[in-house]
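Here is what each chain is made of, one letter per residue.
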Amino acid sequence: AQSVTQLGSHVSVSEGALVLLRCNYSSSVPPYLFWYVQYPNQGLQLLLKYTSAATLVKGINGFEAEFKKSETSFHLTKPSAHMSDAAEYFCADGGYNKLIFGAGTRLAVHP
Amino acid sequence: DAGVTQSPTHLIKTRGQQVTLRCSPKSGHDTVSWYQQALGQGPQFIFQYYEEEERQRGNFPDRFSGHQFPNYSSELNVNALLLGDSALYLCASSYRDILAGVIDTQYFGPGTRLTVL
Chain U
1 AQSVTQLGSH
11 VSVSEGALVL
21 LRCNYSSSVP
31 PYLFWYVQYP
41 NQGLQLLLKY
51 TSAATLVKGI
61 NGFEAEFKKS
71 ETSFHLTKPS
81 AHMSDAAEYF
91 CADGGYNKLI
101 FGAGTRLAVH
111 P
Chain L
1 DAGVTQSPTH
11 LIKTRGQQVT
21 LRCSPKSGHD
31 TVSWYQQALG
41 QGPQFIFQYY
51 EEEERQRGNF
61 PDRFSGHQFP
71 NYSSELNVNA
81 LLLGDSALYL
91 CASSYRDILA
101 GVIDTQYFGP
111 GTRLTVL
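Quick mapping for you: the protein sequence lines, in order, are chains U and L.
The C-terminal position of the first sequence is numbered 111 in the working numbering, with every residue numbered one higher than the one before it.
The C-terminal position of the second sequence is numbered 117 in the working numbering, with every residue numbered one higher than the one before it.
Hints were generated in silico from the structure; no laboratory data involved.
There could be a bad hint or two in this list.
Here are the simulated SDA-like cross-link-like pairs (lysine to any residue), alpha carbons at most 20 Å apart as the crow flies [claimed, not checked]:
hint	chain 1	residue 1	chain 2	residue 2
1	U	K49	L	R96
2	L	K26	U	L48
3	L	K26	U	Q45
4	U	K58	L	Y107
5	U	K49	L	Y95
6	L	K26	U	V37
7	U	K58	L	T105
8	L	K13	L	P61
Produce the complete structure using the sequences and hints provided.
Given below as structure tokens:
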């Protein structure tokens with residue numbers, strides 16, 4: 001069955017530190033993988049997507065993600081965290097034309 | 001270019017009542033998907049509409065129904081509301097690539113917060 005696992009429901013980093021949010025997928029078809037961000041009381045905003053064109057995907061706000069088929073992973077990174085990055089982040093697999101989401105990771109950024 | 005819009009923003013209902021939520025897709029999009037996001041959880045797929053027909057459905061009871069209009073806008077109806085239906089309901093629109101057999105990236109609206117008392 002199609003599923004997405006996000007390791008770590010809460011991640012806390014200092015401003016300027018590396019951000020690493022983990023995502024593993026389980027899909028029997030080539031995955032279409034996405035990262036979305038959700039700010040409080042808002043909908044989901046697309047950060048980036050993987051559609052097999054390149055394994056390293058660059059998104060908005062300095063985020064990027066690397067697709068690793070051997071590890072079935074699609075981890076999200078940002079070299080230097082900013083206070084405005086504090087939000088909930090969701091990884092999703094759209095391989096069956098519907099999005100299957102992970103449970104989300106809440107990122108906290110402290111001074 | 002307006003993005004995905006949803007109405008109303010907030011809604012309060014009592015158990016047993018019925019509710020209708022509305023969604024207008026981005027310009028150029030022809031597919032609408034609905035998701036339920038309970039507090040503290042990831043969104044769960046409810047169903048998807050294309051060419052005014054339900055094309056896919058998630059694990060939701062028949063109390064959840066929908067409709068898509070010729071202008072691609074969509075409604076989500078929930079009958080016999082339960083306390084557990086309290087959630088943020090998200091609409092997402094996308095374009096269906098017929099040749100590739102896939103839908104493109106889904107873009108989300110701001111959601112409708114439904115509270116059932």
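Please list, smallest to largest, the hint numbers that this structure does not respect. none
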